[in-house]
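**Student:** All chains, full assembly: derive it from the sequences and hints.
Taken in order, these protein sequences are the chains called L and R.
Position one of the first sequence corresponds to residue 1 (my numbering), numbered consecutively onward.
Position one of the second sequence corresponds to residue 420 (my numbering), numbered consecutively onward.
None of these hints come from the bench; they were simulated from the model.
Note that CB positions come from ideal geometry on N, CA and C, so glycine has one too.
Treat each hint with caution, since some may be false.
The calculated lysine-lysine pairs, modelled on DSSO-like cross-linking and capped at a C-alpha distance of 27 Å, are [to be verified]: (1) R/Lys494 to L/Lys4; (2) L/Lys29 to L/Lys87; (3) L/Lys69 to L/Lys44; (4) L/Lys415 to L/Lys25; (5) R/Lys490 to L/Lys69; (6) L/Lys123 to R/Lys501; (7) L/Lys180 to L/Lys29; (8) L/Lys69 to R/Lys467; (9) R/Lys504 to R/Lys490; (10) L/Lys69 to R/Lys494; (11) L/Lys25 to L/Lys87; (12) L/Lys69 to R/Lys504; (13) L/Lys29 to L/Lys311; (14) L/Lys69 to L/Lys123; (15) L/Lys69 to L/Lys25; (16) R/Lys490 to L/Lys123; (17) L/Lys283 to L/Lys4; (18) L/Lys4 to L/Lys311; (19) L/Lys123 to R/Lys494; (20) L/Lys180 to L/Lys87.
Every beta carbon over 12 Å from chain R, so not counted as near; a handful from chain L, in silico [what the hints assert, rightly or not]: (21) Lys25; (22) Leu28; (23) Lys44; (24) Leu47; (25) Ser64; (26) Glu67; (27) Glu92; (28) Pro134; (29) Asp212; (30) Leu246; (31) Ile252; (32) Pro293; (33) Ser382; (34) Glu385; (35) Glu388.
Some chain L residues well away from chain R (every beta-carbon gap over 10 Å; in silico) [stated by the list, open to error]: (36) Pro130; (37) Asp226; (38) Thr315; (39) Gly381.
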Amino acid sequence: MARKVVITGLGATTPIGGDVPTMWKNALKGVSGAHTLTDDWVEKYDLPVHFAAKASTPATEVLSRVEAKRMDPSTQFAVVAAREAWKDSGIEEVDHDRLAVAFATGIGGVWTLLDAWDTLREKGPRRVLPMTVPMLMPNGPAAAVSLDLGARAGAHTPVSACASGTEALHIALELIRSGKADVVVAGGAEAAIHPMPLASFAAMQALSKRNDSPETASRPYDISRDGFVMGEGAGALVLEAEEHALARGARIYGELAGTAVTADAYHITAPDPQGLGATRALKAALFDARAMPEDVVHVNAHATSTPVGDKPEYTALKAALGDHVDNVCVSATKSQMGHLLGASGAVESVLTVLAVYHRLAPVTINLENQDPEIPLDVVTGSPRELPEGEIMALNNSFGFGGHNAVVAIRSTGPKVELS
Amino acid sequence: MPEMIKSLITAKEEKEPSMASNEEILAGLAEIVNEETGLAPEAVELDKSFTDDLDIDSISMMTIVVNAEEKFDVKIPDEEVKNLKTVGDAVSFIAGAQA
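**Tutor:** Structure below.
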């Protein structure tokens, strides 16, 4: 029988909280992390979108100046979240040769890359910092976390756009199940609130243009949704072989029971309107978890608030869960923190784990007129109590390129009250 | 103040006002080193070795060199960098390159 993998540590830095307790408190309350950008480049380049969801606590306030200097902002977020997760796990001693990292990013060190390009053009090659390449490389976050924690059983970097963070959990599960590692720090990080990605996403009409009301711009499932809101930050989870966690008497949040990754092979950016790839991922994750649709009580949906994206996810959920989809409560937490791209799957997995642990589904904000073509039971207003007994929750993530990733989290004990 | 610093300072003080004195070069270097490594500026003394005393690796050293070039408007050729073993070596080289 495959090794069971449990979750023992959580970390996050997001637009609605610079650590997990703050993020969770706000996720239950329902707040928006989106605000008007005050950076001078918004006006300078006359960007069509004037707002985004920046991390509520800049990483430079948490890291030392010298630490931050050698890291791209995406790596800074990764290290902040990974340190919180590691501390939260309570692990004091570990065999470092059996500790791995799987840390994702969607875009990588875009700030470092473009700053260096400006420097090269304005000041010449001599002024390009020697640390430029190690700072911009997409494996920068994984490498920095590995270095920080002394993780020597491999440092992996799934890059699958907005599915990256969830795919990191898929890799982590495989690493532990296959016996290649006992503990894995998995997560995702993104720092792409930069004029170039904003211009590109706006050009493809993917971003909300609700400039006069940033707080209400991210509105998954609402009939008037007009695009996603760019977010930034990181999420991290400490995953551990169950016997390893039990041997040290760890606090266990839940079980990473199953994961799956599929590809649409349909279109480079558009989701398959029938959601076939997503359906296969959902079914495969349930199979991997040895679970039935009826076991699922909650879904943290991908739900980015784009006109074309939200519906195929419903189609896929309906196809994978059948009529049971009506009994599942859905949270679209991007309504609060925007879309953290390669970090979103990791942050939303943290929220899914907390939902199972505390038996509370976080709220979806800005849903005023639900799209009649998406008749999901969406959690709005106040958090939803999840049932007693053994429960399962899913987190979906989909990315440009046709990437679909799903993780299934199973409860490992009764409800734990909020402290 | 150690005699060596005094002599370095007095040697340069009479030069053109646009050039940095040795004391200013030392202070400027200390600032650059602090910015790159977090070391306290007062730890950056003339007789300190960049690698053995200040624990500065080759990548940080190159960043310090490039920042020093910009600050003092000098060229420090790559092949020269390996000869800059101590802070004093760097101060002397920069002072010479400015002259």
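**Student:** Next step is simple, just say for each hint if it's right about the structure.
**Tutor:** Status of each hint after checking the structure:
{"no.": "1", "hint": "R/Lys494 to L/Lys4", "verdict": "violated, 60 Å"}
{"no.": "2", "hint": "L/Lys29 to L/Lys87", "verdict": "holds, 26 Å"}
{"no.": "3", "hint": "L/Lys69 to L/Lys44", "verdict": "holds, 26 Å"}
{"no.": "4", "hint": "L/Lys415 to L/Lys25", "verdict": "holds, 17 Å"}
{"no.": "5", "hint": "R/Lys490 to L/Lys69", "verdict": "holds, 19 Å"}
{"no.": "6", "hint": "L/Lys123 to R/Lys501", "verdict": "holds, 24 Å"}
{"no.": "7", "hint": "L/Lys180 to L/Lys29", "verdict": "violated, 40 Å"}
{"no.": "8", "hint": "L/Lys69 to R/Lys467", "verdict": "holds, 24 Å"}
{"no.": "9", "hint": "R/Lys504 to R/Lys490", "verdict": "holds, 20 Å"}
{"no.": "10", "hint": "L/Lys69 to R/Lys494", "verdict": "holds, 24 Å"}
{"no.": "11", "hint": "L/Lys25 to L/Lys87", "verdict": "holds, 19 Å"}
{"no.": "12", "hint": "L/Lys69 to R/Lys504", "verdict": "holds, 24 Å"}
{"no.": "13", "hint": "L/Lys29 to L/Lys311", "verdict": "holds, 26 Å"}
{"no.": "14", "hint": "L/Lys69 to L/Lys123", "verdict": "holds, 20 Å"}
{"no.": "15", "hint": "L/Lys69 to L/Lys25", "verdict": "violated, 31 Å"}
{"no.": "16", "hint": "R/Lys490 to L/Lys123", "verdict": "holds, 14 Å"}
{"no.": "17", "hint": "L/Lys283 to L/Lys4", "verdict": "holds, 20 Å"}
{"no.": "18", "hint": "L/Lys4 to L/Lys311", "verdict": "violated, 34 Å"}
{"no.": "19", "hint": "L/Lys123 to R/Lys494", "verdict": "holds, 14 Å"}
{"no.": "20", "hint": "L/Lys180 to L/Lys87", "verdict": "holds, 23 Å"}
{"no.": "21", "hint": "Lys25", "verdict": "holds, 34 Å"}
{"no.": "22", "hint": "Leu28", "verdict": "holds, 39 Å"}
{"no.": "23", "hint": "Lys44", "verdict": "holds, 25 Å"}
{"no.": "24", "hint": "Leu47", "verdict": "holds, 31 Å"}
{"no.": "25", "hint": "Ser64", "verdict": "violated, 6 Å"}
{"no.": "26", "hint": "Glu67", "verdict": "violated, 9 Å"}
{"no.": "27", "hint": "Glu92", "verdict": "holds, 27 Å"}
{"no.": "28", "hint": "Pro134", "verdict": "violated, 8 Å"}
{"no.": "29", "hint": "Asp212", "verdict": "holds, 41 Å"}
{"no.": "30", "hint": "Leu246", "verdict": "holds, 41 Å"}
{"no.": "31", "hint": "Ile252", "verdict": "holds, 38 Å"}
{"no.": "32", "hint": "Pro293", "verdict": "holds, 53 Å"}
{"no.": "33", "hint": "Ser382", "verdict": "holds, 46 Å"}
{"no.": "34", "hint": "Glu385", "verdict": "holds, 49 Å"}
{"no.": "35", "hint": "Glu388", "verdict": "holds, 52 Å"}
{"no.": "36", "hint": "Pro130", "verdict": "violated, 5 Å"}
{"no.": "37", "hint": "Asp226", "verdict": "holds, 44 Å"}
{"no.": "38", "hint": "Thr315", "verdict": "holds, 51 Å"}
{"no.": "39", "hint": "Gly381", "verdict": "holds, 48 Å"}
Consistency with the previously given hints fails for numbers 1, 7, 15, 18, 25, 26, 28 and 36, ordered from lowest to highest.
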